[in-house]
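Chemist: Based on the hints, put chain B in the right spot on chain A.
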Amino acid sequence: MRPLFRALQLEWALEFRQKSALLAGLLFVAGSAFLASKTYLGTPPSKAWNALLWIVLLFSALHAATRSFAGVPAARWWLVGQWMTPVTWLWAKGIVTAFQLVVLGVFSLALFSFLLGLPVGNPFGFLLVVVLGSAGLSGVLTTTAALAAQVDARASLMAVLSIPLLLPTLATIQRAALLATAGVSTVDLLAPLGSVALLAGVPVVLGTLLFPYLWKP
Amino acid sequence: MKNAWNYLGLALVGYSLVYGLISTVPALPIVNETIRNLYYHVPMWFTMISLMGASFGYSIGALQSNSLKKDRTAAAFSEVALVFAAAGLLTGMLWAKFTWGAFWTPDPKLNGTAITILIYLAYFVLRGSVDDPEKRLRLSATYNIFAFVLMLVFIMVLPRLTDSLHPGNGGNPAFGAYDLDNTMRLVFYPAVVGWILVGFWMARLRARLENLRQPLDLH
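Respectively, the protein sequence lines represent chains A and B. If you number the first sequence the way the working numbering does, the last residue is 761 and the count never jumps. If you number the second sequence the way the working numbering does, the last residue is 611 and the count never jumps.
Keep in mind that the hints were calculated from the coordinates and are not lab data. Being a predicted model, the structure only gives us computed values, none of them experimental. It is possible that some hints are incorrect.
Derived, one-sided and incomplete: chain B residues facing chain A with beta-carbon distance under 7 Å [stated by the list, open to error]:
id : residue
1  : Leu402
2  : Leu455
3  : Val545
Each residue gets a CB set at the ideal place from its N, CA and C atoms; glycine is no exception.
In isolation and in its complexed conformation, chain A is listed as follows (with noise of 0.2 Å):
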């Protein structure tokens, strides 16, 4: 635990010293939920309203996860590599991303209930989904990051290769999301959440195995 806990450290440093960076991924969920607000006119149906929110997120989570390997330069790959395991860092490259996901959700819920209403029955039980879903999204987009960082044309790549593994995930928290919609309590909302723990679970496992193969030497 103590060499995570001292990556994380690091890695936490390392993001808030770009906080230009972070800034943008803020003001990326803001123009487009401003877009959607001005494109939409007024509270769409709940369905749609799921729908743009959940856009939303996934292109601005896959904008904030490139980020996590893309920046680093190839001297921190070498110096990383004598303070700690592939995995550590993988790990602390993960929290870090999950935390950034997190706060962009709960900033696009704040954001989409402030200019497109909010459409939902169970709120609580809705921010639940929020946290849960987008934390959930950054298994699979920490070890795609670290896969396209590797390649030139990595922003186009991290998309094309992240997309289709994320739709599954984001399919069981679209079905939890409208339950929250449709005002179910929070006490039934458990088992969805399950499922979108569990399949946000394996490709952190399966990173967890592959990440040494992928460290660059």
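Modeler: Just chain B now, kept in the frame of chain A:
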């Protein structure tokens, strides 16, 4: 006989193609004679998954031994798997048109297929965007392993989330429950085995061709 398995595959495919058309089938409402498509549509998916499984195995081998040959073989198996995915999709669309009334329905199995095809196309995009063969091996093998396991989990999970029009899902009884009688089994099982053998033959030929091409690529 070096090619015994291949010829056996060809013979079984030939047998199932002919007998699939002339053997007797149960007369069922809605599906009617289209039930014969079972012999052509379903084996495509069995073959696709087997080829993808083999490709997954070669990718693991490639990562462990750093063998470029295994990496190219993995790619060849994925390519042929995509061909079978296309064939499965086309035969399925035809069947859907005559039984469900539309070429494409929002059925979870169809979504699963669409996702699978996207994943494997992404695999080839990834391979195409890396020039260094060693790096291509590392990245594409990792992605292949990652994607194959996720895909398996998903195609097992997705159909359980929503109802499906496919037999054996969403409250519909599986084929075996009501209409796969013994005459049909006599054509269906050989068709599955035959197509898998032929699929592996195609993939091995493709891999051999790719591997033979290599020395010529060295400038």
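Chemist: If a hint holds in the structure, say so; if it does not, say that too.
Modeler: Checked hints:
no., hint, verdict
1, Leu402, "violated, 34 Å"
2, Leu455, "holds, 5 Å"
3, Val545, "holds, 5 Å"
In this structure, only the earlier hint numbered 1 is contradicted, and the remaining ones agree with it.
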